[in-house]
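A.B. asks: Residue numbers (my numbering), protein chains in the order written: chain E, 1 to 106; chain D, 1 to 456.
Treat the hints with care, since some could be wrong.
With a cut-off of at most 27 Å between alpha-carbon atoms, the simulated DSS-like pairs for lysine-lysine come out as follows [to be verified]: (1) LYS255/D x LYS240/D; (2) LYS391/D x LYS45/E; (3) LYS255/D x LYS391/D; (4) LYS255/D x LYS45/E.
Non-contacting residues of chain E with respect to chain D, defined by C-beta distances greater than 10 Å in every case (computed) [said to hold, decoys possible]: (5) ALA5; (6) ASP6; (7) GLU21; (8) ARG22; (9) GLY33; (10) PHE79; (11) PRO81; (12) GLN82; (13) SER83; (14) ARG84; (15) ASP85; (16) GLY86.
To be clear about the criterion: a stretch of chain D counts as covered by chain E if any three or more of its residues have a C-beta under 8 Å from a C-beta of chain E, and this derived list gives those stretches [unchecked claim]: (17) 292-306; (18) 391-397.
Note that these hints are calculated values from the structure, not bench results.
Small disclaimer: the values here were computed from a predicted structure and weren't measured.
Glycine is no exception: its CB is placed at the ideal position from the N, C-alpha and C atoms.
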Amino acid sequence: MAIGADDVRHVAALARLAVPERQIPELVAQLNGILSHMDALGQVKTTGVMAAAGVGDAAMPLRADIGPPIPLARPLESFAPQSRDGFLLVPRLATHESSGDDESVE
Amino acid sequence: MNAVRDAFERMAEVDVGPTGLNCILWTDEQRALADAAAVDAIPSAGALAGVPFVAKDNIATTHLQTTCGSRILEGYVSPYEATVITRLRDAGAVLVGKTNMDEFAMGSSNEHSAWGPVLNPVDRTRVPGGSSGGSAASVAAGIVRIALGSETGGSVRQPASYCGVVGVKPTYGRVSRFGLVAFASSLDQVGVFGTMVKDAAVALEVIAGRDARDATSADCPVDRYSAAHTNDLKGVVIGKPREYFPKSLDPRIAKLCEDALDALRARGAEVREVSLPHTDLAIPVYYIIAPAEASSNLARFDGVRYGLRVEANGLREMYEATRTRGFGPEVTRRILLGTYVLSAGYYDAYYRKAQEVRTLIAQDFREAFDSGVHLLFTPTTPSVAFEFGAKSDPYEMYLNDIFTATANLAGVPAISVPIGDIEGLPVGGQLIARHFDEQMMFRGAFALEAARTEVS
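Model the full structure from these sequences, guided by the hints.
C.D. replies: Given below as structure tokens:
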């Protein structure tokens, strides 16, 4: 499965990376070089083999959905210019409001 | 106090900054000396009272930066401390510096740090290995006897081998990862370096064990690894996996491995040839799974929450501008690779397939150990430390992890111990044990080290 320039542009967009056009040919060559070695996996018979979800024999431990408080070296208020109700208020993306996206920044 | 002062004197002597080894990025001498004085004032000091240590720059500390070797985290100081740092400090150890590393732990040579490469103290024209190259170099240069690193595919053992020190990757789950910046969560584990096996053993027994802040840390009893010292390996069966000794292996490395196996035999161990048939698939599997997990973990670096933020016209543009400027070329390449193998149409062919083959690799280890083998012995790396710029092809660089990535994929513990040198360049031998059997791993490592010390 060869990867092309459009694939690189597509995954770069998914990964929120603005890869300059001039770098695309080199990335195409490098990624194809790497992926060509992955094709060996296609030759391995894995019928009936469970995909590994983790490592070791231990099952994922379950615990109550609470954790001990994180011991902060500095007060929460010092992390950001403002906080409210235990949440941090990050700088408002003023330009974002006119861009049409619907994500909230608070 | 004296040991901490000595560490800073040694830092100046060998020049740990960008004009020298470039192995230590951040220090605060006054703070370290104050910490040392505070430890001195406690009458019942811990196991590591006054012992200086350094930590890789992807382990969170509250008074020194944690940049992961990346521009995107330049200036970032964590508001909380990693559990491993707290445990070492509680035992009396004193943090004297944060060490240089390949950006976000992606690399096998330390040539991929935003803060420049680390030089190998043994030969400054060569790489120290990676990604925990700064920690390995700090131990090799005699600044500290204990250093923390992190392992995803060999990032402690490979630089330990290249720099001639001891490096341990514990069992997955053995050590808390609270405060370790995530790269590939099904593989990552904090590891330790030591000048000698005992240094690494003491450090590991301090940091190991369940931590309520990390659900993936295992609730398994922690043995006294430093007490595993023995001269007697009677009854211990050591497997020599034939796939780790291919015909193409440097004959000088093969010879040093044979000498090491002879030394283990001389102490009563039985050496038996075994097979781990899926070994040669470890690199393709690793370089699918690790970038896939990294592409997800590194999504958090978006210019909103941490470090660098490049303003642009719109939210998406701000994300892209920040990430494009903040990440270096190797991290960018791996994020693209990871995003690709997870994307629609390719997930089954790459990611799912890799997870299935990972199961087979883990099965190889289980079958070898179930056949009565207690330890496996292999070379740590296929070569000695190479010169800067020697590996320009990414996949050629990835092949450096060929003997180490398997233990990460299977989750088993492994240690690299110096077994000799080739024209002055160190060679490491690797001992791999069953899950959570670090005690047996250290037993073999102590014996191996003792044999070598006797020879020299």
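A.B. asks: Would the non-interface assignment of GLN82/E survive a Cβ cutoff of 10 Å against chain D?
C.D. replies: Fine: 14 Å to the nearest Cβ keeps GLN82/E off the interface.
A.B. asks: Is the nearest CB of chain D more than 10 Å from the CB of ARG84/E?
C.D. replies: Its Cβ never comes within 10 Å of chain D, the nearest being 17 Å, so this holds.
A.B. asks: Hey, is ASP6/E genuinely clear of chain D, shortest beta carbon separation above 10 Å?
C.D. replies: Correct as stated: the minimum Cβ-Cβ distance to chain D is 12 Å, above 10 Å.
A.B. asks: Run the C-beta distances from GLU21/E to all of chain D and say if the shortest one exceeds 10 Å.
C.D. replies: Holds, because the least Cβ-Cβ distance between GLU21/E and chain D comes to about 13 Å, which exceeds 10 Å.
A.B. asks: LYS255/D and LYS240/D were given as a pair; does the straight-line alpha-carbon distance stay at or below 27 Å?
C.D. replies: Holds. LYS255/D to LYS240/D sits at ~14 Å (cutoff 27 Å).
A.B. asks: Report holds if the minimum CB distance from GLY86/E to chain D is greater than 10 Å, and violated otherwise.
C.D. replies: 14 Å, holds
A.B. asks: If you count the residues of the stretch 391-397 of chain D with a beta-carbon closer than 8 Å to a beta-carbon of chain E, do you get 3 or more?
C.D. replies: Satisfied; 3 residues make the cut.
A.B. asks: Non-interface claim for ALA5/E: all C-beta distances to chain D beyond 10 Å?
C.D. replies: ALA5/E is indeed farther than 10 Å from all Cβ atoms of chain D, at 12 Å.
A.B. asks: Against the 27 Å threshold, does the CA-CA distance of LYS255/D and LYS45/E hold or violate the hint?
C.D. replies: 35 Å, violated
A.B. asks: For ARG22/E, is the shortest beta carbon distance to chain D beyond 10 Å?
C.D. replies: 13 Å, holds
A.B. asks: Using Cβ atoms and 10 Å as the threshold, tell me whether PHE79/E really stays out of contact range of chain D.
C.D. replies: 6 Å, violated
A.B. asks: Regarding the pair LYS391/D and LYS45/E, is the alpha-carbon distance no greater than 27 Å?
C.D. replies: Violated, at about 32 Å.
Checked against the numbered hints listed earlier, the structure breaks hints 2, 4, 9 and 10; every other hint is satisfied.
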